[in-house]
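S.K.: Just so you know, the sequences run in chain order E and U.
Just so it is clear: in the first sequence, position 22 is 22 by full-length UniProt numbering, and no numbers are missing.
Just so it is clear: in the second sequence, position 82 is 82 by full-length UniProt numbering, and no numbers are missing.
To be clear, the hints were calculated from the coordinates, so they are not data collected in a lab.
A few of these clues could be false.
When chains are identical, the list treats them as one kind, so a pair holds in a single copy or across two.
Heads up, simulated SDA-like pairs for lysine to any residue below, C-alpha to C-alpha not over 25 Å straight-line [unchecked claim]:
hint : residue 1 : residue 2
1    : Lys67     : Glu110
2    : Lys67     : Ala44
3    : Lys67     : Arg80
4    : Lys27     : Ile60
Number of protein chains: 2
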Amino acid sequence: MTDLTALFTDLVRLETRLYNVLDARLKAEHDLPLGQFEFLRFIASRDTARVFDLAREVAITVGATSKAVDRLEAAGRIQRIANPDDRRSSLLELTPAGAEILAAATPTVEAELRTWIGSVLPAGVIEHLATSLSMLRQRAETDHRTDRTEPKTATDPKTSS
Amino acid sequence: MTDLTALFTDLVRLETRLYNVLDARLKAEHDLPLGQFEFLRFIASRDTARVFDLAREVAITVGATSKAVDRLEAAGRIQRIANPDDRRSSLLELTPAGAEILAAATPTVEAELRTWIGSVLPAGVIEHLATSLSMLRQRAETDHRTDRTEPKTATDPKTSS
DNA sequence: TATTGTTATACTCTATAACTATA
DNA sequence: TATAGTTATAGAGTATAACAATA
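Please work from the sequences and hints to get the whole structure.
M.R.: Laid out in structure tokens, this is it:
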């Protein structure tokens, strides 16, 4: 029986350290924090992306996401454009500058990860690892308790005072 | 060739969501934030633990760690005791209350993780996953660029102005 | 009424850096 | 000189909550 707490600790420590090296390198070489890179990548990967979608993706509140989008827009990397289908929201799009910096940063990230992962595990093992992480992520994303898109709902009315 | 950027994204998203559910449950059932749980667990797992050791473990600065230790001490969960071998530092120890809450929280964490991991992947796959994460973590921890224990060092003197 | 987003406010946490004490 | 830790200061980022607009 695997010690899942130890597994979780390894997961957290690894994530922290990978995040730190990638963030430092992206800032140094592209003036792009890793968080912004993730936002750009998500927007580029979809037909349409709203603040709400971004919030759900990274599991932070809509308010926090709105401010992060402000920063990206101020940096000239994305644009809010009118959403013809729903006038409450905007659609987020990369500007040419945003597309350019994403294109430049992408191989940097892949190369850095190759150093940290590709040099430690053989290709087959990496493939299995990717599959496991993907399955676990999917499982975690189907459950509402794991996000922060909405304020914590009150306790179940039936059981609360 | 596995897309390592996608793998990294899955790793980050999974970590965030697992962290959120665990943190919420520990706070609700034991009034113990996950960060504090990790600190207690690290201290309990070692013969001796100093602020410096904790900082290196979680990859934050010594200053930030010192303040986190203040909070744990104020909560009555750990104690700083004199270090006979080096009077610059203290040794960190769990109080009886700290040991008790750690003992109570540990099965909660394991059970919650069982729900999220054990119910998705078969035992053998979990074992492989644990091995891979452990190896990658070890690799990441042997490199200095991944921690934040010290302020960023200046650029290499030979190449800086 | 519910959803989507923005904004003001407050708060938590962290880094940075100056400092003390000891090695 | 280098190491271990503390503390003041400042800043980044987040949640919360009130609000507006639209569905």
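S.K.: For each hint, tell me whether it holds in the structure or not.
M.R.: Each hint, compared with the structure:
no. : hint           : in the structure
1   : Lys67 - Glu110 : neither (28 Å within a copy, 36 Å between copies)
2   : Lys67 - Ala44  : within (19 Å within a copy, 40 Å between copies)
3   : Lys67 - Arg80  : within (13 Å within a copy, 40 Å between copies)
4   : Lys27 - Ile60  : both (22 Å within a copy, 18 Å between copies)
Comparing the model with each numbered hint stated earlier shows that hint 1 is the single one that does not hold.
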